[in-house]
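> Turn these sequences into a full structure, and let the hints guide you.
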Amino acid sequence: MGLVRRTAQVPTGEERREAVRDSSGLQQQLRDGDAEQRRRAALDLWGDADAVPALLDALASEHDGAARDAVLTTLAGHDTPAVGAALGRDLSSEDAARRNAAVKALQAMPLAVASLVEGGVLQDADADVRVLAVMVLSAVSHPDVPQWLRPVVDSDADANVVAAAVDVAVTIGGDIAEELAATAAGRFPDNPYLRFLAARTGQP
Amino acid sequence: MSTAARTDDTALSEAQFARVREWVYRRTGIQFAESKRYFVDKRVQSCVRKHGGSFDAWFAGLRLGADPALAQQLINELTVNETYFLREDHQFEGLVHSVLPAIAAERRATGSSQPIRILSLPCSTGEEAYSIGLRLLEDWEDIDDFDVEIVAGDIDTRVLSFAQRGEYGPRSMQRVPLAVRTRWFDRVDAETYRVKQDLRDAMDFRVVNVCDSESMRAYRDFDVIFCRNLLIYFDEVSSRRAAENLFGALRPGGHLFLGHSESMSRISPIFTPVRLPEGIVYRRPPIGAAR
Chain P
1 MGLVRRTAQV PTGEERREAV RDSSGLQQQL RDGDAEQRRR AALDLWGDAD
51 AVPALLDALA SEHDGAARDA VLTTLAGHDT PAVGAALGRD LSSEDAARRN
101 AAVKALQAMP LAVASLVEGG VLQDADADVR VLAVMVLSAV SHPDVPQWLR
151 PVVDSDADAN VVAAAVDVAV TIGGDIAEEL AATAAGRFPD NPYLRFLAAR
201 TGQP
Chain Z
1 MSTAARTDDT ALSEAQFARV REWVYRRTGI QFAESKRYFV DKRVQSCVRK
51 HGGSFDAWFA GLRLGADPAL AQQLINELTV NETYFLREDH QFEGLVHSVL
101 PAIAAERRAT GSSQPIRILS LPCSTGEEAY SIGLRLLEDW EDIDDFDVEI
151 VAGDIDTRVL SFAQRGEYGP RSMQRVPLAV RTRWFDRVDA ETYRVKQDLR
201 DAMDFRVVNV CDSESMRAYR DFDVIFCRNL LIYFDEVSSR RAAENLFGAL
251 RPGGHLFLGH SESMSRISPI FTPVRLPEGI VYRRPPIGAA R
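Protein chains in written order, with the UniProt record's numbering: chain P, 1 to 204; chain Z, 1 to 291.
Any given hint could turn out to be false.
Below, simulated SDA-like cross-link-like pairs (lysine to any residue); rule was C-alpha separation at most 25 Å, straight line [stated by the list, open to error]:
id, chain 1, residue 1, chain 2, residue 2
1, Z, Lys196, Z, Arg217
2, Z, Lys196, P, Pro143
3, Z, Lys50, Z, Tyr84
4, Z, Lys42, P, Gly2
5, Z, Lys36, Z, His97
6, Z, Lys36, Z, Asp201
7, Z, Lys50, P, Ser141
8, Z, Lys196, Z, Ser172
9, Z, Lys196, P, Ala60
10, Z, Lys50, P, His142
11, Z, Lys196, P, Ser141
12, Z, Lys42, Z, Gly61
13, Z, Lys50, Z, Phe32
14, Z, Lys50, Z, Arg21
15, Z, Lys36, P, Thr171
16, Z, Lys50, P, Asp175
17, Z, Lys42, Z, Ser261
18, Z, Lys36, Z, Ser13
19, Z, Lys196, P, Val4
20, Z, Lys36, Z, Pro115
21, Z, Lys42, P, Asp175
22, Z, Lys50, P, Thr171
23, Z, Lys196, Z, Val176
24, Z, Lys50, P, Pro143
25, Z, Lys196, Z, Glu88
26, Z, Lys42, Z, Pro273
27, Z, Lys36, Z, Ala57
28, Z, Lys36, Z, Lys196
29, Z, Lys196, Z, Thr157
30, Z, Lys196, P, Gly2
31, Z, Lys196, Z, Ser261
32, Z, Lys36, P, Val4
33, Z, Lys36, Z, Lys50
Calculated directly from the structure, the hints in this document are not laboratory data. Just so it is clear, the structure is predicted and the values come from calculations on it, not from any experiment.
If you want it as C-alpha cells, here you go:
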C-alpha cells in the first residue's frame, strides 16, 4: 500500500464508447437510456456541425441537468443564428434551470445573440423573456451592446426590464451608463431603484 | 461626463473598481476582496496606460470585446504565474484532513479495494503533484492502508520532462521543511534538490489538454482532481468545455480543487460546491443525487 503507479490501466467503460465514436453513432447515443452516456456523446460531438440538429433535439428533450449542460457546452461552440434561435426559445421555458442554462450559454455566443436581438427578442411580448434577454447582454462580448440597450431604456414599458438594462449599462460604465440611468429615472420617476442608479452613476 | 479616477494616479474610483471586479469575476472566476484593492488598482492603471486612453475607453474595449488582447493583458497582470512546493497548502490540508478520510471511510464501508486516484492538472514542472505525494506520505495516517495513484498532466512536453527529472532550485523549495527535504530529496548541489527516486517513480506524468475531450477520454474514475489557476485563462466556451471534461474525469462523488480565489459557479452548474474547514471544494454529485 502507499503511492503506486499503474500507467497501463484501462479506463472503465472505454470499450463501449469506442464502438460508437462515429458521428451517427454519437448522435444515436444522445438518446441512450443512461444520462452519463448522453452527456459524453454530447461532448464528443464537439466541432461537428452536422450534429447540430441532433444536439438541438436533445436540448429540447433532455431532462438530466448534467447531460443538458454538456449539450449546451457543445452547442456554444456553434455560435450561429440557428443555435441562438433555439436557445432563445428556452428563455420562455417554464423550467427555471433550462432558462438559466440558456442565458449562461448565450452569454458566450455573441453572433447568436446579435441574431436574436435582430429577431426582436428585446421586444418579446413577455416581460420575463425581455429581462432574461437583457441578462444575456450583461456578459456577452459584443460592441453593439450599448446600442441594443438604448431602445430598451427609451421605450420598454416595464420598469423591471428598464432597470435590468440600466444594470447592464452600469457594468459598461462611462457615458452610456449615465445617459441610460438618467433616461430611465426620467421615465419612471417614482421608481426608487432607478432613482438610486441615476444618482449613483452621476457620482465620480 | 466620464467617470474620473481619483487624484492619486494609481487609484480607481469605487465605481471603476466595482466594474473591473465584476468583469474579472465573470471572465475568470477570480474574486478580489476589498483588501486587494491596491494590488488591483496598480495593475489596472498599468493596462490603462498601455492602452493609451482613458479608463472608460479602456474598459469599454475590454467589456465589449473590441480587442481580445486587452482581456489577456489584464488577466496576465492580475495573476501570479508561478509554482512551488506546497503552494496554497491549506488545500492540501483539506485533501489530507477532510477529503481523503471521507474517501477512505466510503471504501471501507463498501469493502472496495480500488486504488484512490488523484489527478494534477496542469502539473507544469511537477511541484504540485509531488506536493500531493509528500503530504500524503507525511501526513495522511491511512496511507499504508490504501493504494494511491497520482497522475499529473500538462499540455507542454518540455515542462513534463522537467517534472520527470524532479530537480528544483531554491524558489521551488522555499516552503519545504528541512525534515521533509531530508526524507524525500537528494541534494544535487548547493542550490538544487532532486526528488528521491521512489517518489519520482510513483508519479505518472502524461501529456494532456484539458479542453480536448478526445485527450481527456483516457482520464476517468479519479477521486480527486487538482486544477488550480488554469480555467482563469480560458474564454467562456473553453472553460465550460474544460469543466465538462474535469467532470467526466471524476468518479461520481469525486472532488475538484480549484485555485483558492477561483470559482466554478460562474463557469458551469454541474458541480456542487462543498465547504470544508479548509476551504471550498467542488464535487461531482454522487449517483442518484438530485441537481
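> Determine for every hint whether it applies to the structure shown.
Against the structure, the hints come out as follows:
Note on Z:Lys196 and Z:Arg217: the hinted pairing is violated, with a Cα-Cα distance of about 31 Å set against a maximum of 25 Å. Pair hint Z:Lys196 plus P:Pro143 does not hold up; C-alpha atoms about 55 Å apart against a cutoff of 25 Å. Between Z:Lys50 and Z:Tyr84, the direct Cα distance comes to roughly 30 Å. Violation of the 25 Å bound is thereby established for this hinted pair. Using a Cα cut-off of 25 Å, the hinted pair Z:Lys42 and P:Gly2 is violated, with the two alpha carbons roughly 47 Å apart.
A hinted pair counts as satisfied when its Cα atoms are at most 25 Å apart, and Z:Lys36 with Z:His97 does not qualify at roughly 29 Å. Between Z:Lys36 and Z:Asp201, the direct Cα distance comes to roughly 41 Å. Violation of the 25 Å bound is thereby established for this hinted pair. Note on Z:Lys50 and P:Ser141: the hinted pairing holds, with a Cα-Cα distance of about 21 Å set against a maximum of 25 Å. At most 25 Å may separate the alpha-carbon atoms for a hinted pair to count; Z:Lys196 and Z:Ser172 meet this at roughly 16 Å.
Of the pairs offered as hints, the one joining Z:Lys196 and P:Ala60 is violated, with about 55 Å between alpha carbons and a cut-off of 25 Å exceeded. Of the pairs offered as hints, the one joining Z:Lys50 and P:His142 holds, with about 22 Å between alpha carbons and a cut-off of 25 Å not exceeded. Only pairs whose Cα atoms come within 25 Å are accepted, and Z:Lys196 paired with P:Ser141 is rejected, the gap being roughly 49 Å. The hinted pair formed by Z:Lys42 and Z:Gly61 meets the criterion: a straight-line CA distance of about 19 Å does not exceed 25 Å.
A threshold of 25 Å between alpha carbons decides the hint, and for Z:Lys50 with Z:Phe32 the separation of about 22 Å falls inside it, so the pair holds. Of the pairs offered as hints, the one joining Z:Lys50 and Z:Arg21 holds, with about 19 Å between alpha carbons and a cut-off of 25 Å not exceeded. For the given pair, Z:Lys36 sits about 20 Å from P:Thr171 by alpha-carbon distance, which is consistent with the 25 Å threshold. For a cut-off of 25 Å, the pair hint linking Z:Lys50 to P:Asp175 stands: about 22 Å separates their Cα positions.
Taken as a hint, the Z:Lys42 and Z:Ser261 pair is honoured in the structure, with Cα atoms around 19 Å apart against an allowance of 25 Å. Taking the CA atoms of Z:Lys36 and Z:Ser13, the gap is near 14 Å; set against the 25 Å cutoff, the hint holds. Our distance criterion of 25 Å between C-alpha atoms is met by Z:Lys196 and P:Val4, whose separation comes to about 15 Å. The hinted pair formed by Z:Lys36 and Z:Pro115 fails the criterion: a straight-line CA distance of about 41 Å is larger than 25 Å.
Proposed proximity of Z:Lys42 and P:Asp175 is supported: the alpha carbons are some 24 Å apart, at most 25 Å. Distance restraint check for Z:Lys50 and P:Thr171: the Cα-Cα separation of roughly 22 Å lies within the 25 Å cut-off, and the hinted pair is therefore satisfied. With a C-alpha separation of about 14 Å, the suggested pair Z:Lys196 and Z:Val176 falls inside the 25 Å cut-off, and the hint holds. Of the pairs offered as hints, the one joining Z:Lys50 and P:Pro143 holds, with about 21 Å between alpha carbons and a cut-off of 25 Å not exceeded.
Taking the CA atoms of Z:Lys196 and Z:Glu88, the gap is about 23 Å. The hint holds against a cut of 25 Å. A hinted pair counts as satisfied when its Cα atoms are at most 25 Å apart, and Z:Lys42 with Z:Pro273 does not qualify at roughly 32 Å. Pair hint Z:Lys36 plus Z:Ala57 holds up; C-alpha atoms about 24 Å apart against a cutoff of 25 Å. Between Z:Lys36 and Z:Lys196, the direct Cα distance comes to roughly 39 Å. Violation of the 25 Å bound is thereby established for this hinted pair.
Among the hinted pairs, Z:Lys196 with Z:Thr157 is consistent with the structure: their alpha-carbon atoms are about 22 Å apart, no more than 25 Å. At roughly 15 Å between alpha-carbon atoms, Z:Lys196 and P:Gly2 fall within 25 Å of each other, so this suggested pair holds. Restraint check for Z:Lys196 and Z:Ser261: not satisfied, since their Cα atoms lie roughly 32 Å apart, outside the 25 Å limit. For the given pair, Z:Lys36 sits about 41 Å from P:Val4 by alpha-carbon distance, which is inconsistent with the 25 Å threshold.
This hinted pair checks out: Z:Lys36 and Z:Lys50 have alpha carbons roughly 22 Å apart, not beyond 25 Å.
Going through the hint list in order, the structure does not satisfy hints 1, 2, 3, 4, 5, 6, 9, 11, 20, 26, 28, 31 and 32.
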